[in-house]
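These are the residues of each chain, in order.
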Amino acid sequence: MNSFATLLMRDLRLAARSGGGAALALSFFALVATLVPLGVGADLKLLARVAGGVLWVAAVLSALLSLDRLFQGDYEDGSLEVIALSPLALEAVALAKILAHWLSTGLPLTLLSPLLALLFNLDVAPSLTLFLSLLIGTPAVSAVGAIGASLTLSLKRGGLILPLIILPLLAPVVIFGAGAVALVLDGMDGIGALALLAAFSFGAVLLSPFAAAASVRLNLGG
Amino acid sequence: MILSLTAERLACTRGDRKLFDGLSFRVSAGQALAVEGANGAGKTSLLRMIAGFLVPAAGRLVLKSAQTEITDAEERGKSIGWLGHHDGLKPQLTVREQLDFFARLYRDPLRPSLAQAPATGTSPASASRAGGADLISVLERVGLARQAELPCRYLSAGQRRRLALARLLVSERPLWLLDEPFAALDVAGQALIAQLMVRHCGHGGIIIAATHDPLGLGNESLKL
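Protein sequence lines, in the order shown, are assigned to chains E and A. According to my numbering, the first sequence is numbered sequentially starting from 1. According to my numbering, the second sequence is numbered sequentially starting from 1001.
Simulated from the structure, these hints should not be mistaken for lab results. All values derive from a computational prediction rather than experimental measurement. There could be a bad hint or two in this list.
Now the stretches of chain E that chain A is said to cover, found in silico as 3 or more residues with beta-carbon under 8 Å [to be verified]:
(1) 5–16
(2) 81–88
Estimated spans, in silico, between C-beta atoms of each pair [stated by the list, open to error]:
(3) E:A171 with A:G1158: 45 to 53 Å
(4) E:G53 with A:E1140: 52 to 60 Å
(5) A:M1001 with E:L207: 33 to 41 Å
(6) A:R1017 with E:F210: 49 to 57 Å
(7) E:A171 with A:E1149: 41 to 49 Å
(8) A:A1188 with E:F210: 53 to 61 Å
(9) E:G41 with A:R1153: 43 to 51 Å
(10) A:R1014 with E:D189: 43 to 51 Å
(11) A:D1072 with E:S18: 33 to 41 Å
(12) E:I165 with A:S1004: 55 to 63 Å
(13) A:Q1195 with E:A89: 29 to 37 Å
(14) A:V1198 with E:A89: 55 to 63 Å
We put the beta carbon where it would ideally sit given N, CA and C, even for glycine.
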């Protein structure tokens, strides 16, 4: 197993053991998705119409819960210095952490989404579109989140500032993700929106490790 | 194999404050350097500068190996074993998992010449490459073999320091940077680290330690 896989496995193990990973994000996602139909009422048409937007916003907020600890835990206990001196470049470290975050939050959220779509009276086609949009778009949430997490890693209450930094940057993800579902509901093709989402996601995953690594370097020197 | 580390007129500023200026020294293979000074004199900053975390305000650091001269901070970092203020341990992982993680993370198949400590064949650290059973032998050396399956959250401060020392051994780096290495250690622990330092220098390694206590290595010292 190489250094990258070693770091990835450790982060997944930590996420599973600390209780702040998949279980927490999934519970939060499921609870929000359950509360909305209770608040909106039993208008099935209306529920289906808002499903894409509500579930996407809930998914982004659930992923946010554990994002602030992405680098901060390692920074505070000194692990980050040891990891920074390893043969692994900091860019690869950031990518491993993004991947670990996605595997422990984004992917489980995506897998749960078809079940929650039932609560919103979504048909098979829009439900499948929602699933695909989450599958394509949640990596971007982890990637853009990593930039915010690296900027705030030395702040004691960085978790409060983090959403202010990254939520505006995630607007395109929510627009295209929920937009694809809305298009399918209107009987149109969601492929265009999904393609734009994929392009954004690809760019974010490709570029954010560099931004995050630069920010980690700055913080280690501070 | 690392031959020497040379600092040329290093300067360090933190905010508006100048910590040190025109600092020059040279440490050769097999030697140790104790960095001494009052609290806030810049001992930790100097170590962080050598590790490449801090950029010098002026001057440069040159790491000489048999093949080449390294001035790039990131490249220099690949030769460094780090023992900082914090032990770098995760409370959720067991002692063995923690050490296994470091051993695997620091394994670098692409860079055998610089990443390996001198005389690895006889070093206890090289044992860690072979597998889990040999991690235990490293843990035995630092007196933590019985705690191998214990989560790190149950370790005392001294035991955490010992595990950080074990990490230093499995990292197999020739240049050790130690920040207050004796902190939290009992008498036996201090004797252990002294013995490990003698051994490291004996194998041609370099040690730079920020400390208030004498290293007891017949080393040079640098006053900040």
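How the hints compare with the structure:
1. 5–16: Per the Cβ count (5), the hint holds.
2. 81–88: It holds: at least three residues are needed, and the segment 81–88 of chain E offers 8 whose Cβ sits within less than 8 Å of chain A.
3. E:A171 with A:G1158: 45 to 53 Å: 51 Å, holds
4. E:G53 with A:E1140: 52 to 60 Å: 59 Å, holds
5. A:M1001 with E:L207: 33 to 41 Å: 38 Å, holds
6. A:R1017 with E:F210: 49 to 57 Å: Since R1017 of chain A and F210 of chain E have Cβ atoms about 32 Å apart, the given range 49 to 57 Å is violated.
7. E:A171 with A:E1149: 41 to 49 Å: Holds: the Cβ-Cβ distance is about 48 Å, inside 41 to 49 Å.
8. A:A1188 with E:F210: 53 to 61 Å: Since A1188 of chain A and F210 of chain E have Cβ atoms about 46 Å apart, the given range 53 to 61 Å is violated.
9. E:G41 with A:R1153: 43 to 51 Å: Cβ of G41 of chain E to Cβ of R1153 of chain A: about 47 Å, so the range 43 to 51 Å holds.
10. A:R1014 with E:D189: 43 to 51 Å: 58 Å, violated
11. A:D1072 with E:S18: 33 to 41 Å: Given about 36 Å between the Cβ atoms, the range holds.
12. E:I165 with A:S1004: 55 to 63 Å: 44 Å, violated
13. A:Q1195 with E:A89: 29 to 37 Å: Given a distance of about 35 Å, which is inside 29 to 37 Å, the answer is holds.
14. A:V1198 with E:A89: 55 to 63 Å: Between V1198 of chain A and A89 of chain E, where Cβ atoms are some 34 Å apart, the hint is violated.
Checked against the numbered hints given earlier, the structure breaks hints 6, 8, 10, 12 and 14 and satisfies all the rest.
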